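S.K.: Chain by chain, the residues:
Protein chains: 4
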Amino acid sequence: MKVGVLGAKGRVGSAVVAGVKAAEDLELVAEIDHGDSLDALVETGTEVIVDFTTPNAVMDNLEYCISHGIHCVVGTTGFDDERYEQVRRWCAESDGVGVLIAPNFAISAVLTMAFAKQAAPFFESAEVVEYHHPNKLDAPSGTAIKTAQGIAGARREAGLDPMPDATEQSLDGARGANVDGVHVHAVRMTGMVAHEEVIFGTQDQSLTIRQDSYGRDSFVPGVLTGVRQVADYPGLTIGLDKYLGL
Amino acid sequence: MKVGVLGAKGRVGSAVVAGVKAAEDLELVAEIDHGDSLDALVETGTEVIVDFTTPNAVMDNLEYCISHGIHCVVGTTGFDDERYEQVRRWCAESDGVGVLIAPNFAISAVLTMAFAKQAAPFFESAEVVEYHHPNKLDAPSGTAIKTAQGIAGARREAGLDPMPDATEQSLDGARGANVDGVHVHAVRMTGMVAHEEVIFGTQDQSLTIRQDSYGRDSFVPGVLTGVRQVADYPGLTIGLDKYLGL
Amino acid sequence: MKVGVLGAKGRVGSAVVAGVKAAEDLELVAEIDHGDSLDALVETGTEVIVDFTTPNAVMDNLEYCISHGIHCVVGTTGFDDERYEQVRRWCAESDGVGVLIAPNFAISAVLTMAFAKQAAPFFESAEVVEYHHPNKLDAPSGTAIKTAQGIAGARREAGLDPMPDATEQSLDGARGANVDGVHVHAVRMTGMVAHEEVIFGTQDQSLTIRQDSYGRDSFVPGVLTGVRQVADYPGLTIGLDKYLGL
Amino acid sequence: MKVGVLGAKGRVGSAVVAGVKAAEDLELVAEIDHGDSLDALVETGTEVIVDFTTPNAVMDNLEYCISHGIHCVVGTTGFDDERYEQVRRWCAESDGVGVLIAPNFAISAVLTMAFAKQAAPFFESAEVVEYHHPNKLDAPSGTAIKTAQGIAGARREAGLDPMPDATEQSLDGARGANVDGVHVHAVRMTGMVAHEEVIFGTQDQSLTIRQDSYGRDSFVPGVLTGVRQVADYPGLTIGLDKYLGL
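Protein chains in written order, with the UniProt record's numbering: chain A, 1 to 246; chain B, 1 to 246; chain C, 1 to 246; chain D, 1 to 246.
Because the hints were derived from the structure by calculation, they are not lab data. All values derive from a computational prediction rather than experimental measurement. One thing to keep in mind: the hints can contain errors.
Since copy identity is lost for identical chains, a pair holds within one copy or between any two.
[Claimed, not checked] Result set (EDC-like, lysine to aspartate or glutamate): computed pairs, CA atoms no more than 20 Å apart in a straight line:
#	residue 1	residue 2
1	K136	D36
2	K146	E47
3	K136	D25
4	K117	E157
5	K136	E124
6	K117	D241
7	K9	E85
8	K146	D165
9	K21	E124
Please model the complete structure; the sequences and the hints are all you need to start from.
M.R.: What follows is the structure in C-alpha cells.
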C-alpha cells in the first residue's frame, strides 16, 4: 500500500514517516510539508495519506485527496460539526473513499476507555487513577475525565446504585475528584510519562485495566492500523473505535 | 423476583443463599438440598432457580424446573453435548423458559478473557502471568491456558506475525510455558488467592488487564447477574458472555 | 518454645492460637481468656505469652508474666508513656525478660513504611495511594498518613526541595490529600481488603513499594516472629522494626 | 561543587553532562573526551570527576585525578580485584580523596535489590518477574538473577525452609527459571524498557517491590548522588549501597 505523509517534517509526522518506513506491508511514496505541492501524491500513486498538519491546512488537503480518490487518516485537530459535514459531502461525491478522523490514536488508551464502559455495569465500585510527569498543567488528565464519564454513563444506563462509600472522616482531597460520581485520582511523578489505571470491584474480586505510555510515539501503531483499514470503511469515520472492533 | 437455591447447604450454594438474601431486588423463597422435594419450588412461586448440585442430580432438577416454567441458572459441572441437547429439547417444549449454564461465574475473569481476545490483534506482544496460592496442583491455571489460547486464536485470525523475541541465552524456564505461541508464567505465593494478568505491548505503550480474586465467593455477583437476566434469554445459553454484553 | 495465648477466645487471639499450633517450632501450652487464672502459665512452663486482651487487663497480665520470667509479645492497645515506664521498671527488676509491644504486626506494612523512609531521600517525587473496602470510615488510612509523614521527615532531613508539580488547572481533590507535602490518595473498592502503594520517581525511573492484605489474619506472621525473637531482646521494645533488622 | 566529565561525548557521558548542567548545586567546569589533556581538570579547579570512558583509559584517569586530589565517581567497566587494589594504593597516598566505583547507578534498581534482601527472611514465598523490550538477548536479566541470589542467600542465613509449592502437573517452563531455589520469570514485551518486580508472600499478605526504567538515562540521578557525597567517603568504595544508607 502506497502511503503519503502530510506534515512530514513535524514531530508527529516524522514519527509516522519512520513507522511507515519500518512496516513491511506499507510503502512510503510521498513526504509533504508546508509549501510542497499536493500533486506529488497523484504523481506517486499515493493510495492513503496521513495528515498531521494544522487546522488551517487540513481542509484543503482533504478536499484534494478525497476528490482524487485517496483515502485519508487524520490526526490534525480543530474539527467541529461543520467541518465533519463538509467532509461527508466531499466523500459523498467521491464514491468509496474512506476518511478516518480521530482525536486519539493511542490504541491502548482507546481500548482502556472502551473496556471500562463495557465492564462498568457489572461492578459496585469503579475509580480511576492516572499518573503523569510533573510538568502536566491539568489534573486529572482529559483522558481520565473522559474515562470516568464513560463509566458514569454506563452505570446510569444499567440503573446501578451509587457506589458504596462509608467515609465519614476525610482529609481534604483524599478521596479524589468526583467526576459524575466516579472518583478520579491524579499522581504527578518525575520519570513517569502517561499512565492510566481503571479499577473495578465487586464481591471478593477486582478488575484492573491499565494503560502505560512509555514514550511520545505511542500514536504510531494506531495510525498504521488506520492506514491499513481505511479503504474498508468508505465515507467519514470519527474515532478509532470501529477499526478496533469496538 | 422469587429465587430458589438448589444445593443450598453446600459451600457454594450457601454463598449464593447469602448473596440472594443480601440483594434488595431478589427474594429467597426456597432452599433445597439433597433429599428435599422440588415441589416446594412450585408452591412458593419460584421464578428462577440457581443450581449448584451434582452431575447426578442436575438433569432431574432441570427437567422439573423447565417443565414448570421456572428459569434456571446452573453452575453444576459435568455437562457435555448430549446433555446440552437434552436441555435444548426441554426448552423447546416450554416456551419462554431461559436456562443459563456457565463453567465460570467470576465476572472479572470472564471479562479478562473477553477483553484479551478483543485487544490481541492490535499488539505485537502478549504474555500472561498468573499468581496463585502454593497449594495449587497445576501450573499454569486452566484459566490462564484458556486466556492464552484465546489470544493465540485472535492473533491467527488477524494474520499477525509471531511475537518478537531476541532471546539467545536463557535459563531453563525463564521465558515461561509456550501455549500456542503465547508465553505464560505461573507464580506460586503464600497469601495470594487467584490472580491473572494479561499484558499487551506495542510501540511506546502497554495495556494490562488484571483480575484479582481476594476470596472464595467471587462467583456470587456473576450468579446474581444470571438470575436477573435469565428471563430475557429464552432457551439455552452456555457461558456468561452474552449476559455481559460481550 | 512453649507459648501461652492471653485473650485466646477473641477473634485476634484465636488466629494467634491457630498460628502457634501450625508452627512446628512452637508448642501451645496455655489458652487463657477472661476469668481464667494466670497460674496456668507457670504450671505449664510457658516461656512466652502473646497478649491480645484489653487495656483493662493487659497491665496485670504483664506484671504477672514479667515477675515470673515469662517473655511477652503484646498487641493489646491503650499504651501511653506512663504505661511504658511501668513496664520498663518491671523489666528492670526481672533480669533478662523481653517484652515486645507493637501497634502493628503486619510485617508487609511495617516493611513498607521502613523502606519508604529509606528510599525517600533519593527521589524527586513521592506519593501514596491506598486502597480499602468501602466500609472504612476514615480516608486516608492511618497507615497511609504515617507513611507519608515518614517520607516527609526523611525528605526534610535530606534537605530536598519541594516536589515538582506544574498543576495549574485542577478539579477539586484530584491531586489527593496533602500530608506534610506528600500527596495521598484513597481508593474505596468493594472486594478489596487493605492495600497500600508508595511510588517514588526520579529521572527515567520509578520505584513502587506495595503492600496487599488479602485477609484479616495478616498480623499472625509478625506475632510469630515476635515470639521467636523476644528472648533475644531483654527489656522493653516498642514496635516490630528492630526484630525485622530495620 | 566543580565537576568534570570524562568520556563527555559518549552516550552515557553526555547524559551525565546534561544532568550536571541541570543541577543547581553543581557546576560543570570540564568536558574531557578521547585525546583531550587531563590538565584541564586542574586548571579549572575540578573537585569531582565522573568517568564513563573505557577499560583502557580509566586507570590512567584515576591515577591522575587521585594524585591531584580530585574525587572520582566511576561507571566505567572492567574492574577486577587487581585494579581495585591499585586504586586503594593510590588513595592511601593521597589522603582524603574519595573514589566510588559502581557497576549500577540506577538508584531504583539498587534499592530494589537491597530491600529484597532485607525482606526475604520474613516471607514464606518470594519470586521475581522481570519485563524487558524484546531485543534483549538474555533471559532472565542479570539484575534479576542477582536479585534472586540475594534473596536465596538471605533465606539461607535465616534458616528458612524451602518455599511451599504443591505443583504436580506443569507445562514446561510455567514455573520459571530456578535460581538458587527462587523462581524467576522473564517477560519480553514491545514498548517496555526495563522493569523488575519482586514479590514476597506470607499469611494473608504480600509485599511487592517494583522498579521501572522508562528511559535510557536512569543512571543519572545515581551518578549525581555519587558526585554530591564522594568527598564524604575517603578511600575506595565499591557499589552505591553505602551512599544510599544501605
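S.K.: Indicate, hint by hint, whether the structure satisfies it.
M.R.: Hints and how they fare:
Taking the shortest alpha-carbon separations for K136 and D36, neither the intra-copy value of 34 Å nor the inter-copy value of 41 Å comes in at or below 20 Å. Neither within a single protomer nor between protomers do K146 and E47 lie at most 20 Å apart by alpha-carbon distance, with minima of 34 Å and 40 Å respectively. For the homomeric pair K136 and D25, neither the shortest alpha-carbon distance inside one copy (37 Å) nor that between copies (25 Å) is at most 20 Å. For the homomeric pair K117 and E157, the shortest alpha-carbon distance inside one copy (11 Å) is at most 20 Å, but the shortest distance between copies (25 Å) is not.
Taking identical chains as interchangeable, the C-alpha atoms of K136 and E124 lie at most 20 Å apart only when they sit on different chains, with a minimum of 16 Å there against 31 Å within one chain. In the homo-oligomer, the alpha carbons of K117 and D241 lie at most 20 Å apart both inside one protomer (13 Å) and across protomers (15 Å), since each shortest distance falls under that limit. Proximity of K9 and E85 under a CA criterion of 20 Å is satisfied in neither setting, with 29 Å inside one chain copy and 54 Å between copies. Taking CA atoms no more than 20 Å apart as the test, K146 paired with D165 passes in neither setting, with 22 Å inside one copy and 22 Å between copies.
Within a single copy, K21 and E124 get their C-alpha atoms only as close as 47 Å, which misses the 20 Å cut-off; across copies the closest is 17 Å, which meets it.
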